[in-house]
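Engineer: Below are the chains, spelled out letter by letter.
Number of protein chains: 4
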Amino acid sequence: MSTAFNLTLSCKDRPGIVAGVSGALFAHGANILEAQQYSDIETDRFFLRIGFEHARRLDGADPLTAALADVAAKFDMDWRLRPAAQKKRVLMLVSKLGHCLGDLLYRNRIGEMNMDVVGIVSNHPKGSQKLTLIGDTPYHHFPITKETKAQQEAQIKAVVDETGAELVVLARYMQILSPEFAAHLAGRCINIHHSFLPGFKGARPYHQAHERGVKMIGATAHFVTSDLDEGPIIAQDVEQISHADTPDDLVRKGRDIERRVLARAVHYFLQDRVFINGAKTVVFPD
Amino acid sequence: MSTAFNLTLSCKDRPGIVAGVSGALFAHGANILEAQQYSDIETDRFFLRIGFEHARRLDGADPLTAALADVAAKFDMDWRLRPAAQKKRVLMLVSKLGHCLGDLLYRNRIGEMNMDVVGIVSNHPKGSQKLTLIGDTPYHHFPITKETKAQQEAQIKAVVDETGAELVVLARYMQILSPEFAAHLAGRCINIHHSFLPGFKGARPYHQAHERGVKMIGATAHFVTSDLDEGPIIAQDVEQISHADTPDDLVRKGRDIERRVLARAVHYFLQDRVFINGAKTVVFPD
Amino acid sequence: MSTAFNLTLSCKDRPGIVAGVSGALFAHGANILEAQQYSDIETDRFFLRIGFEHARRLDGADPLTAALADVAAKFDMDWRLRPAAQKKRVLMLVSKLGHCLGDLLYRNRIGEMNMDVVGIVSNHPKGSQKLTLIGDTPYHHFPITKETKAQQEAQIKAVVDETGAELVVLARYMQILSPEFAAHLAGRCINIHHSFLPGFKGARPYHQAHERGVKMIGATAHFVTSDLDEGPIIAQDVEQISHADTPDDLVRKGRDIERRVLARAVHYFLQDRVFINGAKTVVFPD
Amino acid sequence: MSTAFNLTLSCKDRPGIVAGVSGALFAHGANILEAQQYSDIETDRFFLRIGFEHARRLDGADPLTAALADVAAKFDMDWRLRPAAQKKRVLMLVSKLGHCLGDLLYRNRIGEMNMDVVGIVSNHPKGSQKLTLIGDTPYHHFPITKETKAQQEAQIKAVVDETGAELVVLARYMQILSPEFAAHLAGRCINIHHSFLPGFKGARPYHQAHERGVKMIGATAHFVTSDLDEGPIIAQDVEQISHADTPDDLVRKGRDIERRVLARAVHYFLQDRVFINGAKTVVFPD
Chain F
29 MSTAFNLTLS
39 CKDRPGIVAG
49 VSGALFAHGA
59 NILEAQQYSD
69 IETDRFFLRI
79 GFEHARRLDG
89 ADPLTAALAD
99 VAAKFDMDWR
109 LRPAAQKKRV
119 LMLVSKLGHC
129 LGDLLYRNRI
139 GEMNMDVVGI
149 VSNHPKGSQK
159 LTLIGDTPYH
169 HFPITKETKA
179 QQEAQIKAVV
189 DETGAELVVL
199 ARYMQILSPE
209 FAAHLAGRCI
219 NIHHSFLPGF
229 KGARPYHQAH
239 ERGVKMIGAT
249 AHFVTSDLDE
259 GPIIAQDVEQ
269 ISHADTPDDL
279 VRKGRDIERR
289 VLARAVHYFL
299 QDRVFINGAK
309 TVVFPD
Chain C
29 MSTAFNLTLS
39 CKDRPGIVAG
49 VSGALFAHGA
59 NILEAQQYSD
69 IETDRFFLRI
79 GFEHARRLDG
89 ADPLTAALAD
99 VAAKFDMDWR
109 LRPAAQKKRV
119 LMLVSKLGHC
129 LGDLLYRNRI
139 GEMNMDVVGI
149 VSNHPKGSQK
159 LTLIGDTPYH
169 HFPITKETKA
179 QQEAQIKAVV
189 DETGAELVVL
199 ARYMQILSPE
209 FAAHLAGRCI
219 NIHHSFLPGF
229 KGARPYHQAH
239 ERGVKMIGAT
249 AHFVTSDLDE
259 GPIIAQDVEQ
269 ISHADTPDDL
279 VRKGRDIERR
289 VLARAVHYFL
299 QDRVFINGAK
309 TVVFPD
Chain D
29 MSTAFNLTLS
39 CKDRPGIVAG
49 VSGALFAHGA
59 NILEAQQYSD
69 IETDRFFLRI
79 GFEHARRLDG
89 ADPLTAALAD
99 VAAKFDMDWR
109 LRPAAQKKRV
119 LMLVSKLGHC
129 LGDLLYRNRI
139 GEMNMDVVGI
149 VSNHPKGSQK
159 LTLIGDTPYH
169 HFPITKETKA
179 QQEAQIKAVV
189 DETGAELVVL
199 ARYMQILSPE
209 FAAHLAGRCI
219 NIHHSFLPGF
229 KGARPYHQAH
239 ERGVKMIGAT
249 AHFVTSDLDE
259 GPIIAQDVEQ
269 ISHADTPDDL
279 VRKGRDIERR
289 VLARAVHYFL
299 QDRVFINGAK
309 TVVFPD
Chain H
29 MSTAFNLTLS
39 CKDRPGIVAG
49 VSGALFAHGA
59 NILEAQQYSD
69 IETDRFFLRI
79 GFEHARRLDG
89 ADPLTAALAD
99 VAAKFDMDWR
109 LRPAAQKKRV
119 LMLVSKLGHC
129 LGDLLYRNRI
139 GEMNMDVVGI
149 VSNHPKGSQK
159 LTLIGDTPYH
169 HFPITKETKA
179 QQEAQIKAVV
189 DETGAELVVL
199 ARYMQILSPE
209 FAAHLAGRCI
219 NIHHSFLPGF
229 KGARPYHQAH
239 ERGVKMIGAT
249 AHFVTSDLDE
259 GPIIAQDVEQ
269 ISHADTPDDL
279 VRKGRDIERR
289 VLARAVHYFL
299 QDRVFINGAK
309 TVVFPD
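Chains as they are written, first to last, in our numbering: chain F, 29 to 314; chain C, 29 to 314; chain D, 29 to 314; chain H, 29 to 314.
Keep in mind that the hints were calculated from the coordinates and are not lab data. Be aware that one or more of the hints could be misleading.
The list treats identical chains as one, so a pair stands whether inside a single copy or across any two.
EDC-like cross-link-like pairs, simulated, lysine to aspartate or glutamate; straight-line CA separation at most 16 Å [to be verified]: (1) K229 <-> D273; (2) K158 <-> E140; (3) K40 <-> E62; (4) K281 <-> E140; (5) K40 <-> D104; (6) K177 <-> D106; (7) K281 <-> D314; (8) K116 <-> E190; (9) K158 <-> E208; (10) K116 <-> D300.
Construct all of the structure, not just a fragment, from the sequences and the given hints.
Structural biologist: As structure tokens, this is what we get:
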């Protein structure tokens, strides 16, 4: 019985990284299943994801772990080794529109997403959700006003800390995070924006799209940063529309795009396939 | 032997338009082949395109033409009746990158586009083009500098007037038309912009897209107005890209999108399928 | 307060149909909102869908209804007049895989689908479904074996008759209907097949696709006929895959395609946008 | 000044391949630019493509070449080392429809394809081609009848041998190669089939698609084998169509799909990105 692992790392690009890592893996009995790498000549960073299997469980004292740590130290790597089957803890934030949340919950229920949903936070009460999949997932109703924004974010932060959430998903959560809170969640908070960024930033993008008369609409999943709608993009998709589509039609058609784009981004994150590279991402698709 | 015609019209939306037009057509022996219509509740305009066939050639004195003119007067219509097989006269403007022009010329050569290319205008000499399809199409080399822009546009205008061009296509023509010239060509000048507008307006959109880290790139065909990159959009399309694509890769992949989007827009225009509706278009696809 | 109606009709193609119908509508005070038509030169059939609004409720004795009946009789039309807001009664059939059913139920819950789900029939018990959206929708568990197929279909038929279901959706119902039952449901039963027909008919299409090494997979929504996987196609869509996708990956990626293709087909049906034309369909998109 | 190389290899999957190859590259001063790999658990084959740069030109006697040969021998690899800039020699076969050939020639002219077109073979005379890009590329007119098929293929084979063609492209060449000739060209002959295989094999696929009433059409680029339309698939794409499209419309819309699918497949082949894996391919996209 072997166990599958994901090894992910990034470092300054230099010769010998692959040789060093693959040599260590081979020397200690690992069997590489898949590998993807990317050298960014602009940032001079190197990114690597290796899926491998091993007969041992690879705790911290394992010779393989030690050998990888040596290579990592030599190349000054950011690196992580993780059992592929280990679920990530995910906290969902939602306002009123539940189609993205419901989609993620359903995918999780049928085993498609490698996550534990440790809670749902909303500025609206549970009873206002049209979702039945919430079940007994902890639901935190944290109302928010302009005056209570700081306190409300402190409430969310407390839930993040208590649950050990490794990912926070803004599944159509219509509040703008404060710069401080966005910074606190840097690299572990994904938002779905209902436009094909950088087009139609800000509010009511479908109405903007309708007004401009574009022939396609889209959605964008991105990491949240303090710079609104400017975070590193993880996934995007679009669909053809026509002059006859009303803003309501765009909202309806957009729901399908939003939920599949967000699901794709979350899926990639859960599988350790997403790296932040400055203001951009490196995504190794499956 | 019957002849096919395209009847296109727009007017203020009121009850009775379809009844009036279809009644006139039926009363005078026309056989409707296809019809598409659209009522815009925002602008309160009605748009109609009818393809029909008739045993007669329908000159201006024909009873059917007269009957249609009556209906048109009653509803204060902008209208046009045109034999479907009658080719439109098209003038091409191009700078150095010939992939869109070459694509249009090839499609025309194999009978796919219903047009007569009455000339090609460029700010670069014929010998600099990598195209062989130009053949003996009149090629006008009008160099341009900041100082001579007005004169150069006057030269182009003279060609438009002399050739009776009904459509001017900016097939990767990298000069910005003056507001006066853009106004002169209003409704009959189509540009291909190498981005998915409204994202990445202005210069070097593929480099902008690369810098922003988007996951899709696109192209937009639109009518030219004095407001740069803001004209009514006719067609758009996109393709998936990845972090590994360099700006040069985007330029290469973008060429394919540009030429098919421009070809689609021109094709629709040639088939009388495009209406201007304020800052937007109504497009009846085939 | 006006009411919106959908008028749909088909008949042998002849001059004067549009003039007759639009004349009757205009003469009796209807206001056309949208209209789409198609003349099939191969089958010589004409298809028309008109959305209009009227100040009256248009019962059978209404002068407009009578005028339309006259036109319909003159052209020997199949026709139907229906309030646009009137929900269709829909019966869902499902086996074990609930992603398509759950998707339709969710879309219905948020008001996206114009239907009343009058019941769910399955050859598996309610407790085996991973869906929470079923709520108190009547759930009929009709087990089936080779020996009891006729009786089981009689049970389903009884539910169809009792509920007055106007549409039966096979939402991943993995039983093949008998020719008699398929004939009984002709024109009102939509199936989702998990391949891009006509490729990979029959069982386990994703495994067939994997084995063949195609670079895209798809799904097909079609009317059920006695000729398995050969019914008139309503909607199709596909996605890119790669050599690295296992059959399980295809199943997962395919779920997304299946549910959006089926939802699109059902949506069109509910909006009176689908006509059967011999072995094919005419679909007027929104 | 360094030179870029593509190293491609496949062998039975075993631990240590990546470590061995990357170790040899690192030890002899190569700098890896990109790498893609795939382990097929069904065929138990491993596939690797590494792009690297080196200060030397790496002739056969180079220590790096020798080290790679050692690794290759140890793992019993099929392998090839090739300067990335070295153009492949390509022979084009075409019948009457020149859109795919013209597209490839144009892409080559503007520097998009890494190939030398060493000749064009057709069963129709040069004067019948609507292409102007042929220029002085050697054009071989080899007429064919049922009786002369063997001789004509011998003529083509002679051109292949004389020109040292590394790739033969059937760019809408409407003759079926004999099993012997197909076998002779195994792994180096790419055909474009104008359907989304495995749907609509054989003749007139657009007419078959029209008759079946599908809602999308496509094209497939595949290696030619003696089993008609069954060769390993390299690339596919599709587009939405509607009930209103005539077979002629499908032919027109299909041309766009055909030329971009064939161009993509040839581009991948020229960049050493395509491996044959039994009846399937492994394609490492750029």
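Engineer: State for each hint whether it applies.
Structural biologist: Status of each hint after checking the structure:
Neither within a single protomer nor between protomers do K229 and D273 lie at most 16 Å apart by alpha-carbon distance, with minima of 20 Å and 24 Å respectively. For the identical chains of this complex, K158 and E140 are inter-copy neighbours only, at 13 Å across copies versus 22 Å inside a copy, given an alpha-carbon limit of 16 Å. Taking identical chains as interchangeable, the C-alpha atoms of K40 and E62 lie at most 16 Å apart only when they sit on different chains, with a minimum of 15 Å there against 22 Å within one chain. Taking the closest pair of Cα atoms, K281 and E140 come within 16 Å of each other only across two copies (10 Å); inside a single copy the shortest separation is 23 Å, beyond that limit.
With identical chains, the CA atoms of K40 and D104 are at most 16 Å apart within one copy only, with a shortest distance of 8 Å there and 34 Å across copies. Taking the closest pair of Cα atoms, K177 and D106 never come within 16 Å of each other, the shortest separation being 34 Å inside a single copy and 55 Å across copies. For a Cα distance limit of 16 Å, the shortest separation of K281 from D314 across copies, 11 Å, qualifies, whereas the shortest one inside one copy, 26 Å, does not. For a Cα distance limit of 16 Å, the shortest separation of K116 from E190 inside one copy, 15 Å, qualifies, whereas the shortest one across copies, 48 Å, does not.
Proximity of K158 and E208 under a CA criterion of 16 Å is satisfied in neither setting, with 31 Å inside one chain copy and 40 Å between copies. In this assembly of identical chains, the alpha carbons of K116 and D300 lie at most 16 Å apart only when taken from the same copy (10 Å versus 38 Å across copies).
Hint compliance for this structure: hints 1, 6 and 9 are not met, and every other hint is.
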